[in-house]
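Order-wise, the sequence lines are chains A and B. Position 278 (the first sequence) corresponds to 278 in UniProt numbering; numbering is contiguous. Position 52 (the second sequence) corresponds to 52 in UniProt numbering; numbering is contiguous.
These are calculated hints, taken from the structure and not from any lab test. Where hints are given, some of them may not hold.
Repeated chains share a single entry, so a pair holds when one copy, or any two copies, can fit it.
Dumping the calculated BS3-like pairs for lysine-lysine here, alpha-carbon to alpha-carbon at most 30 angstroms [unchecked claim]:
| hint | residue 1 | residue 2 |
| --- | --- | --- |
| 1 | Lys94 | Lys300 |
| 2 | Lys174 | Lys230 |
| 3 | Lys94 | Lys174 |
| 4 | Lys401 | Lys326 |
| 5 | Lys317 | Lys349 |
| 6 | Lys408 | Lys174 |
| 7 | Lys405 | Lys388 |
| 8 | Lys409 | Lys317 |
| 9 | Lys41 | Lys349 |
| 10 | Lys132 | Lys297 |
| 11 | Lys101 | Lys28 |
| 12 | Lys317 | Lys28 |
| 13 | Lys326 | Lys405 |
Number of protein chains: 2
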Amino acid sequence: MGAFLEFRPLDEGSVIEYIKGVPALSSKLALGKNEEDITVKEVGDGNLNFVYIVSNNSVGYSFVIKQALPYIRCIGESWALTKERAYYESEALKEQGAITKGQHVPQVYHYDHTMSLIAMRYLEPPHIILRKGLIAGIEYPLLAHHMAHFMAHTLFFTSLLFRSTTHHKRHVAKFCGNAAMCRHTEQVVFSDPYQISQYNHWTSPYLDHDAEVLRHDNLLKLEVADLKSKFCERAQALIHGDLHTSSVMVTHDSTQVIDPEFAFYGPMGFDIGAFLGNLILAYFSQDGHVDQLNDRKSYKEWILKTIEDTWNLFYNKFIALWDEHKDGAGEAYLSAIYDNPELQLLVQKRYMTDLFHDSLGFGAAKMIRRIVGVAHVEDFESITDAVKRANCERRALDFAKTLLKDRKKFEGITEIVSAIQEF
Amino acid sequence: MGAFLEFRPLDEGSVIEYIKGVPALSSKLALGKNEEDITVKEVGDGNLNFVYIVSNNSVGYSFVIKQALPYIRCIGESWALTKERAYYESEALKEQGAITKGQHVPQVYHYDHTMSLIAMRYLEPPHIILRKGLIAGIEYPLLAHHMAHFMAHTLFFTSLLFRSTTHHKRHVAKFCGNAAMCRHTEQVVFSDPYQISQYNHWTSPYLDHDAEVLRHDNLLKLEVADLKSKFCERAQALIHGDLHTSSVMVTHDSTQVIDPEFAFYGPMGFDIGAFLGNLILAYFSQDGHVDQLNDRKSYKEWILKTIEDTWNLFYNKFIALWDEHKDGAGEAYLSAIYDNPELQLLVQKRYMTDLFHDSLGFGAAKMIRRIVGVAHVEDFESITDAVKRANCERRALDFAKTLLKDRKKFEGITEIVSAIQEF
Numbered sequence: 001m002g003a004f005l006e007f008r009p010l011d012e013g014s015v016i017e018y019i020k021g022v023p024a025l026s027s028k029l030a031l032g033k034n035e036e037d038i039t040v041k042e043v044g045d046g047n048l049n050f051v052y053i054v055s056n057n058s059v060g061y062s063f064v065i066k067q068a069l070p071y072i073r074c075i076g077e078s079w080a081l082t083k084e085r086a087y088y089e090s091e092a093l094k095e096q097g098a099i100t101k102g103q104h105v106p107q108v109y110h111y112d113h114t115m116s117l118i119a120m121r122y123l124e125p126p127h128i129i130l131r132k133g134l135i136a137g138i139e140y141p142l143l144a145h146h147m148a149h150f151m152a153h154t155l156f157f158t159s160l161l162f163r164s165t166t167h168h169k170r171h172v173a174k175f176c177g178n179a180a181m182c183r184h185t186e187q188v189v190f191s192d193p194y195q196i197s198q199y200n201h202w203t204s205p206y207l208d209h210d211a212e213v214l215r216h217d218n219l220l221k222l223e224v225a226d227l228k229s230k231f232c233e234r235a236q237a238l239i240h241g242d243l244h245t246s247s248v249m250v251t252h253d254s255t256q257v258i259d260p261e262f263a264f265y266g267p268m269g270f271d272i273g274a275f276l277g278n279l280i281l282a283y284f285s286q287d288g289h290v291d292q293l294n295d296r297k298s299y300k301e302w303i304l305k306t307i308e309d310t311w312n313l314f315y316n317k318f319i320a321l322w323d324e325h326k327d328g329a330g331e332a333y334l335s336a337i338y339d340n341p342e343l344q345l346l347v348q349k350r351y352m353t354d355l356f357h358d359s360l361g362f363g364a365a366k367m368i369r370r371i372v373g374v375a376h377v378e379d380f381e382s383i384t385d386a387v388k389r390a391n392c393e394r395r396a397l398d399f400a401k402t403l404l405k406d407r408k409k410f411e412g413i414t415e416i417v418s419a420i421q422e423f
Numbered sequence: 001m002g003a004f005l006e007f008r009p010l011d012e013g014s015v016i017e018y019i020k021g022v023p024a025l026s027s028k029l030a031l032g033k034n035e036e037d038i039t040v041k042e043v044g045d046g047n048l049n050f051v052y053i054v055s056n057n058s059v060g061y062s063f064v065i066k067q068a069l070p071y072i073r074c075i076g077e078s079w080a081l082t083k084e085r086a087y088y089e090s091e092a093l094k095e096q097g098a099i100t101k102g103q104h105v106p107q108v109y110h111y112d113h114t115m116s117l118i119a120m121r122y123l124e125p126p127h128i129i130l131r132k133g134l135i136a137g138i139e140y141p142l143l144a145h146h147m148a149h150f151m152a153h154t155l156f157f158t159s160l161l162f163r164s165t166t167h168h169k170r171h172v173a174k175f176c177g178n179a180a181m182c183r184h185t186e187q188v189v190f191s192d193p194y195q196i197s198q199y200n201h202w203t204s205p206y207l208d209h210d211a212e213v214l215r216h217d218n219l220l221k222l223e224v225a226d227l228k229s230k231f232c233e234r235a236q237a238l239i240h241g242d243l244h245t246s247s248v249m250v251t252h253d254s255t256q257v258i259d260p261e262f263a264f265y266g267p268m269g270f271d272i273g274a275f276l277g278n279l280i281l282a283y284f285s286q287d288g289h290v291d292q293l294n295d296r297k298s299y300k301e302w303i304l305k306t307i308e309d310t311w312n313l314f315y316n317k318f319i320a321l322w323d324e325h326k327d328g329a330g331e332a333y334l335s336a337i338y339d340n341p342e343l344q345l346l347v348q349k350r351y352m353t354d355l356f357h358d359s360l361g362f363g364a365a366k367m368i369r370r371i372v373g374v375a376h377v378e379d380f381e382s383i384t385d386a387v388k389r390a391n392c393e394r395r396a397l398d399f400a401k402t403l404l405k406d407r408k409k410f411e412g413i414t415e416i417v418s419a420i421q422e423f
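Only chain A is shown next, with the shape it has when bound in the complex:
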């Protein structure tokens, strides 16, 4: 399949050498004819991997080469992380791409197991990372609709609502191989924020006390244990596993979900919560981005509306898929048993309420870890005034703690939006 016989970390120079050995890629670039027009640019600004944009400027064609190295890029070689993650990323991209008919996931052109390398569609400008758009105060009118579509489809079609047990367990087994990535999430989301860890940091000294209080909050830790148990044990659907706002690239009309290297069969609420939780972080960061030109008031309203619309649209799309496929191969609710409209309503209501509470819990846990854990978010990091930043972060942290502990008291997304506004 690949050009190199053994694993070798690429750099901007060796990328072209690699592509020359892969006909599927070199032909895409028309490589050989006008090699001087080929450019390679390393753009990996994520935490984990190296990403190269390879372009033939004379034919105006580009694609992306993403390579996983056996450690975490933003930490360095001291924090090992299996490069096998590239395999699960490529498998998830293919599956999510097929399910969403290529609408919201970049197409995979080539996967090289030896090199832990994926070649895929280049998401051309004006695509930017959603988080950067949120910091800049840009509204995306289709974002809620697209994300609801992505989540409803990828989660529904990989669950037992659509699949047989046999089919489901075969896929669950395959993604059990991505255990190292799950373990990483367990550490950074469910463990490190609640214990002393060399990688934790926060806006010090302002949040020192907050971080300390968190580590002694018994009731919070009791709830975190429940969420961690669901994350580790419940194979509900193929989840993206890291669906924050830097895993989404957007334009005015396009929404593309990238980087599913944490994909495995886990609880659906972990994806929904990641997305909603990061929108709530974006909301609480807005006060730090106010300037003379923009008081961010209407943008904060837009974020709240996007949170509300995302859940409501997700809910409706998910239920519509369920109704459409209720006589299909899915084995969770056989139509001969769940055979009357009243009962169908009852089971759907309970399913969606449980999913809502899961999403709130996971969303809150993801918020907390971004404030006192190892990896922070640019929404807050880009607020240069530390006092202002700490104030924004403290409000987000306090809201997340309430959300995590009291999540089962909330009955719908409008209550969440009100709670955010009133906080």
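With chain A held as given, fit chain B onto it using these hints.
Frame of chain A, contents of chain B only:
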């Protein structure tokens, strides 16, 4: 490994021929010297497999050969069931044997994948199937202690309380291969009793109305869906998967758990519930076994005490294992986070309460399926008077329905025992 090059169903005649080709087995029997002393007896009285006791009477040595055929024995070739189950049975026997130090599981001498065959220890007389002992009214003073030990150890040591995520997911993946057996359980426990199925039967016409009411009980079906979802999705520990009272062989001093061919990583409560639920069935069947010599009153008390002791001993043993290993490799509750006695109590209480409610729910579902589903229990089937049998079954069925719906209202096992007595 084996004597035959391809799968072939054995019979009493060909068993010896098979053993001759397996040195590990023929040497055990001292085969070759006094072949005329070898006897083979088919004794499989279970629902699924063929079981042969092979003995050399001159040396007084016996072992068991168990072969899985690709269908369900008690139904016939019309209900296919993968013979791969023998692999999972042998893996589970080895794992449970190692965990319980051989105390409560027969030793495996030989496994032949091609033949779907296991040779294992013969559980010599006076070992009998526990269910037969319960029907005969025999008390087993160590039963609760032994079963609590078996369940606490096998469930604790295969859970994330003891294991790392990496270790856990590797084993989960392996047992995902036993999906066909899971699917069978899903059908007979969680589906068929609640729909019209050609295999369902009950003591007709007496229970016709009860079976019909069950199929229209929306609230019950709502709860059954929750349990089914846990069964299909929650990989909590390596469970036996079929831990009723015919999967246990007993003497006054010995308790041996057999037949784990349904083993997979599922919810712990499914095992605990299977055992307790079948004891409750035994309790409700006792009135059908009253005769002039024995009013069964004190035996019913003994069954209730065994139910209570089993849970309480299980609880204490499980918590003791947890405390003992809380600083070990288990990743569910890191000791640096769950770092004070008050919090440790809180998490253990919640964990055990959830497990208790799961056990009640699964136990109730297992009771129901034994009364209106495909496979019934000898406890009731041996009551020849159909009216008397139907009355016993109806009480058990009604109690199970209450237990399933109201399980979360019960806080402890004494409340369950009282509820049974007062029913």
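(message) Check the structure against each numbered hint from earlier and tell me which ones fail, lowest number first.
(response) Per hint list: 1, 6, 9 and 12 violated.
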